[in-house]
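There are 2 protein chains.
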Amino acid sequence: GYNGTRLLKGPDLLKSSKDALFVTKKDYLKSDWCKTQPVVQRIKEEGCRSQPFVNNFCYGQCNSFYIPRNVRSKSQIGDDAFKSCAFCKPRHADWKVVTLKCPGMNPPFRKKKVLYVQQCKCITEVLS
Amino acid sequence: GYNGTRLLKGPDLLKSSKDALFVTKKDYLKSDWCKTQPVVQRIKEEGCRSQPFVNNFCYGQCNSFYIPRNVRSKSQIGDDAFKSCAFCKPRHADWKVVTLKCPGMNPPFRKKKVLYVQQCKCITEVLS
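Protein sequence lines correspond, in order, to chains W and S. For the first sequence, our numbering gives the first residue as 9, with consecutive numbering after it. For the second sequence, our numbering gives the first residue as 9, with consecutive numbering after it.
Treat the hints loosely; a few may be bogus.
Because identical chains cannot be distinguished in the list, a pair is counted as satisfied if it fits within a single copy or across any two copies.
Claimed, not checked - Using 20 Å as the maximum straight-line C-alpha spacing, the simulated DMTMM-like pairs for lysine to aspartate or glutamate come out as follows: (1) Lys104 x Asp40; (2) Lys119 x Asp102; (3) Lys129 x Asp40; (4) Lys121 x Glu53; (5) Lys91 x Asp40; (6) Lys23 x Glu53; (7) Lys119 x Glu133; (8) Lys23 x Asp40; (9) Lys52 x Asp88; (10) Lys121 x Glu54; (11) Lys104 x Asp88; (12) Lys119 x Asp88.
If you are wondering where the hints come from, they were derived from the structure by calculation, not from laboratory data. In this text the structure is predicted, and so the values were computed from the model without any measurement.
Could you put the whole structure together from the sequences, leaning on the hints where they help?
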């Protein structure tokens, strides 16, 4: 059995998945954060002098939730829920070219493309 | 070009992806949270009386990060990074049976299985 009747009187009990979805979207979850902070990457290639490249990394705490849905039919037995996980990751990124010096090679340099992270943000991924 | 030499002198600059990974794991990201809160689901089936079922939903703010990796070879051009997103979701869940009254049907009841969320937790998903 379940103890629904007791809990139904509690002030914290939400009446449906839609209420729960509302809570997760509006009230409690506003203050998530995602930082963009510099980090040095070393760009390497055999026969070349490695070179530092100042990139950014992302870290933070973003909103996520898992809300059971109403069970409507037999076919919906299973893990049926609203699921969402926001991920602190690059919002803007672009390719930059780094030229390495490669003495003894012909030509004596190599160009490498590096993905440069400009800005990070909590971005929602809806999970299946 | 890039402005690495200037930034290299800054106190906040991390020297490698490994340092960055360390920061995201140890220092800043400890206080993530994931709540377990009751919500009423309605269990329905055609020809039966719907019934409330007190389940739980999960919501919170969990750690996530995206850290560019060192570029080592030509083949690694692309979006090569450590990526991790922790997701506030059920740690423990089990199936419960709900019996609906279905007057006029034979037998006059139907049993339905519902996934009951016992406890939620930030669980790390490593993304590809």
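Quick rundown of the hints versus the structure:
With identical chains, the CA atoms of Lys104 and Asp40 are never at most 20 Å apart, being 30 Å at best within one copy and 34 Å at best between copies. For the homomeric pair Lys119 and Asp102, the shortest alpha-carbon distance inside one copy (16 Å) is at most 20 Å, but the shortest distance between copies (55 Å) is not. Taking the shortest alpha-carbon separations for Lys129 and Asp40, both the intra-copy value of 10 Å and the inter-copy value of 17 Å come in at or below 20 Å. Taking the closest pair of Cα atoms, Lys121 and Glu53 come within 20 Å of each other only inside a single copy of the chain (12 Å); across copies the shortest separation is 58 Å, beyond that limit.
In this homomeric assembly, Lys91 and Asp40 come within 20 Å of each other (Cα to Cα) both inside a single copy, at 17 Å, and across copies, at 18 Å. Proximity of Lys23 to Glu53 under the C-alpha cut-off of 20 Å is restricted to the inter-copy arrangement: shortest distance 19 Å between copies versus 60 Å within a copy. For a Cα distance limit of 20 Å, the shortest separation of Lys119 from Glu133 qualifies neither inside one copy, at 34 Å, nor across copies, at 34 Å. Taking identical chains as interchangeable, the C-alpha atoms of Lys23 and Asp40 are never at most 20 Å apart, the minima being 26 Å within one chain and 27 Å between chains.
For the identical chains of this complex, Lys52 and Asp88 are inter-copy neighbours only, at 14 Å across copies versus 47 Å inside a copy, given an alpha-carbon limit of 20 Å. With identical chains, the CA atoms of Lys121 and Glu54 are at most 20 Å apart within one copy only, with a shortest distance of 16 Å there and 60 Å across copies. In this assembly of identical chains, Lys104 and Asp88 lie within 20 Å of each other by CA distance solely across copies; the values are 14 Å between and 43 Å within a copy. Taking the shortest alpha-carbon separations for Lys119 and Asp88, only the inter-copy value of 18 Å comes in at or below 20 Å, while the best intra-copy value is 49 Å.
Figure legend: structure checked against the earlier numbered hints; hints not met, in rising order: 1, 7, 8.
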